[in-house]
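Enquirer: Sequence:
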Amino acid sequence: YMKRSEVVSEEAEKLKVETDKIAQDRVDAEKMAELERQRRTDANEAKAREEQERLAEAEAKKREEEAALKAAAEAAAVAAKTPATPSKPAAAAEKSTEKRGAKRERADKPGKAEKPTKYGRKELHVDASKSGRRKKKPRRTRGAVSSGPTEHGFEMPVAPVVRDINIPETITVGELAQKMAVKAAGVIKVMMGMGSMATINQVLDQETASIVVEEMGHKAVLVSDNALEESITQASDSDGEQITRAPAVTIMGHVDHGKTSLLDYIRKSKVAAGEAGGITQHIGAYHVDTDLGPITFLDTPGHAAFTAMRARGAKATDIVVLVVAADDGVMPQTKEAIQHAKAAGVPLVVAVNKIDKEDAQPDRVKQELVAEEVVPEDWGGNTQFLHVSALTGEGVDKLLEAISLQAEVLELSAVQDAPARGVVIESRLDKGRGTVATVLVQSGTLRKGDMVIAGQEYGRVRALLDENGQPTAEAGPSIPVEVLGLSGTPSAGDEMLVVDDERKAREVALFRQGKFRDVKLARQQKAKLESMFSQMEEGEVNTLNLVVKADVQGSVEALNESLTKLSTDEVKVKIVASGVGGINESDVNLAVASSAVMIGFNVRADASAKRIIEEDGIDLHYYSVIYDAIDEVKSSLSGMLAPEFKEQI
133 YMKRSEVVSE
143 EAEKLKVETD
153 KIAQDRVDAE
163 KMAELERQRR
173 TDANEAKARE
183 EQERLAEAEA
193 KKREEEAALK
203 AAAEAAAVAA
213 KTPATPSKPA
223 AAAEKSTEKR
233 GAKRERADKP
243 GKAEKPTKYG
253 RKELHVDASK
263 SGRRKKKPRR
273 TRGAVSSGPT
283 EHGFEMPVAP
293 VVRDINIPET
303 ITVGELAQKM
313 AVKAAGVIKV
323 MMGMGSMATI
333 NQVLDQETAS
343 IVVEEMGHKA
353 VLVSDNALEE
363 SITQASDSDG
373 EQITRAPAVT
383 IMGHVDHGKT
393 SLLDYIRKSK
403 VAAGEAGGIT
413 QHIGAYHVDT
423 DLGPITFLDT
433 PGHAAFTAMR
443 ARGAKATDIV
453 VLVVAADDGV
463 MPQTKEAIQH
473 AKAAGVPLVV
483 AVNKIDKEDA
493 QPDRVKQELV
503 AEEVVPEDWG
513 GNTQFLHVSA
523 LTGEGVDKLL
533 EAISLQAEVL
543 ELSAVQDAPA
553 RGVVIESRLD
563 KGRGTVATVL
573 VQSGTLRKGD
583 MVIAGQEYGR
593 VRALLDENGQ
603 PTAEAGPSIP
613 VEVLGLSGTP
623 SAGDEMLVVD
633 DERKAREVAL
643 FRQGKFRDVK
653 LARQQKAKLE
663 SMFSQMEEGE
673 VNTLNLVVKA
683 DVQGSVEALN
693 ESLTKLSTDE
703 VKVKIVASGV
713 GGINESDVNL
723 AVASSAVMIG
733 FNVRADASAK
743 RIIEEDGIDL
753 HYYSVIYDAI
763 DEVKSSLSGM
773 LAPEFKEQI
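Using our numbering, read the sequence shown as starting at 133 and increasing by one per residue.
Some clues are possibly wrong.
The following label-pair restraints were derived from C-beta to C-beta distances [what the hints assert, rightly or not]: (1) 160 with 140: 36 to 42 Å; (2) 760 with 422: 49 to 55 Å; (3) 563 with 510: 49 to 55 Å; (4) 422 with 601: 38 to 44 Å; (5) 326 with 175: 18 to 24 Å.
With a straight-line cut-off of 27 Å between C-alpha atoms, the simulated BS3-like cross-links for lysine-lysine are [stated by the list, open to error]: (6) 704 with 766; (7) 636 with 697; (8) 163 with 148; (9) 193 with 213; (10) 202 with 213.
It should be emphasised that the hints constitute simulated quantities derived from the structure, not laboratory data.
None of these values were measured; they are calculated from a predicted model.
The C-beta atom is built at its ideal place from N, Cα and C for all residues, glycine as well.
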């Protein structure tokens with residue numbers, strides 16, 4: 133039992149102790165803060181004093197240098213004004229010569245004894261009455277200026293050499309030192325003074341390198357990202373003798389209007405039979421020798437899925453032959469072809485095909501084309517209209533004549549003896565030969581062994597094949613060839629250039645790959661954000677994952693675009709991966725991991741891939757016509773739609 137007064141007194145004592153402790157802590161904290169403020173003040177004052185001393189030393193050093201330069205300039209001016217007199221060293225030399233002559237005379241006089249030396253020899257030219265010690269020769273002072281010729285003399289520079297240093301985005305310490313003509317140790321020393329430890333192989337960014345250059349007294353010139361690319365492009369631009377080149381003619385039109393059959397008749401070979409379903413799946417480039425001269429034909433696909441490929445064909449061409457069936461008239465792809473030709477600024481020649489059919493209506497075709505602003509010459513326009521038949525050959529000669537006439541009007545020419553420049557028509561992976569790119573040479577001559585860069589890929593030309601698959605040594609302007617030896621498959625429409633330096637080609641290719649990767653990542657990030665917000669608004673969305681492999685790059689891009697367009701608000705198509713070449717083990721493993729359906733377009737799976745497909749039960753579909761692929765994917769998406777319930781009363 134404790135009295136209430138004792139409890140109250142104990143609590144009061146505890147409260148007093150706590151209060152005293154809090155007060156003491158506050159006092160200690162204030163003291164520490166005061167000490168910290170004093171320390172900071174002292175440090176700032178010391179720093180300011182050091183800075184003032186450094187500035188004073190620099191100012192004194194500068195004044196000393198200016199005084200030395202001024203004294204040197206005054207001495208030079210005085211020396212220039214003073215008349216030529218024998219200098220002190222020359223007078224001293226004359227006096228010493230006189231003394232030596234006098235000594236010889238005294239030595240020849242009788243009565244002078246020659247004092248023997250320590251070892252029994254007689255001292256030469258020394259008077260017997262004098263001691264045998266020689267006088268020291270007078271030292272030449274640095275201040276003595278010789279009056280003789282100074283052609284081989286070294287003159288110290290009166291001011292430091294300032295250079296313009298080109299600094300790229302990244303540069304190593306060693307390369308920077310080489311550009312400034314100093315040792316790498318000097319650059320490292322400057323960086324250590326700036327508070328940064330560096331080695332000779334360390335990579336510096338542009339900003340750091342420019343600070344180092346300015347610290348060492350030089351002028352920094354920042355080089356842009358595209359400088360290397362521009363230098364290669366400018367180096368490939370060469371002037372030379374212009375020669376007339378063959379026109380590059382692209383045949384365009386709607387599906388089954390007879391484009392390939394018309395080209396087949398011109399080439400006198402059966403090209404159409406080799407295409408799946410009679411539909412041109414990718415661009416074919418052919419060089420044809422006609423009676424009116426050589427013509428290069430590009431046969432582009434006609435259906436809607438290959439719009440991008442047809443657009444690239446229009447960029448690589450000089451003349452567009454628009455094939456329109458007389459019994460069918462103007463169709464959607466016909467209008468697209470007209471738009472592509474106008475966008476590229478390429479003249480049109482209209483070939484009204486299937487004129488031999490009974491239900492042919494060429495006048496209706498003219499009226500429909502006039503509605504699309506393609507006016508024939510006999511109606512006051514500037515477009516040539518010709519009636520042809522790919523089956524009988526009627527009007528084909530007139531069509532070739534019209535193409536040659538249009539080529540003469542365009543005055544097509546190119547430099548032949550120069551590094552080649554061209555455009556990639558198509559590329560694919562061949563199992564036995566590696567990367568094969570179909571290239572249309574636009575100027576210069578492409579030879580076996582040339583170092584080329586095409587888009588993001590580069591390599592040395594290992595072989596050149598013509599359109600018939602036969603090896604050829606070189607290809608001139610307007611000649612299509614297949615190029616073997618690139619590091620990867622370039623995209624259709626990429627520009628191809630011949631370069632001298634393999635290292636530069638590799639640098640540009642890697643730079644383009646990095647730039648493409650950055651753009652792709654930015655696009656993916658944007659798509660992820662957009663899809664996230666749309667899913668937040670719409671709720672859960674079913675997704676069909678696809679892995680697409682095709683034989684050529686253009687087919688891959690066309691399939692990706694066509695299948696992605698099938699997406700709806702409820703069901704999305706997601707291309708997990710796509711590429712050129714056969715289906716391999718890596719593609720199948722990716723399909724397993726992402727639960728994707730595999731699509732092979734004109735390609736097959738290899739043995740190891742087939743084994744995994746059978747073990748895991750992967751859904752794999754092969755196609756050779758793009759319509760079949762689109763229809764089956766569309767039906768799969770329909771099956772994924774949620775059922776709609778309707779209540780009827």
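Enquirer: Given the range 38 to 44 Å, decide if the beta-carbon distance of residue 422 to residue 601 lies inside it.
Expert: violated, 22 Å
Enquirer: Could you see if the CB distance from residue 760 to residue 422 stays within 49 to 55 Å?
Expert: violated, 37 Å
Enquirer: Checking one constraint from the list: CA of residue 202 to CA of residue 213, max 27 Å. Satisfied?
Expert: This hinted pair holds, its Cα atoms lying about 17 Å apart.
Enquirer: Do the Cβ positions of residue 160 and residue 140 conform to the proposed distance bound of 36 to 42 Å?
Expert: violated, 30 Å
Enquirer: Going straight from one Cα to the other, do residue 163 and residue 148 come out at no more than 27 Å?
Expert: Satisfied, since the Cα-Cα distance of roughly 22 Å is no more than 27 Å.
Enquirer: What's the verdict on residue 704 and residue 766, does the C-alpha distance respect the 27 Å limit or exceed it?
Expert: holds, 11 Å
Enquirer: Has the given pair, residue 636 with residue 697, been kept, meaning a C-alpha gap of at most 27 Å?
Expert: violated, 40 Å
Enquirer: Compare the distance between the alpha carbons of residue 193 and residue 213 with 27 Å, and conclude whether the hinted pair is satisfied.
Expert: violated, 30 Å
Enquirer: Between residue 563 and residue 510, is the Cβ distance one that fits in 49 to 55 Å?
Expert: Holds, since residue 563 and residue 510 (Cβ atoms, about 53 Å apart) stay within the stated range.
Enquirer: May I ask you to test the hint 18 to 24 Å on the CB atoms belonging to residue 326 and residue 175?
Expert: Holds, at about 21 Å.
When each numbered hint is compared with the structure, violations occur for hints 1, 2, 4, 7 and 9.
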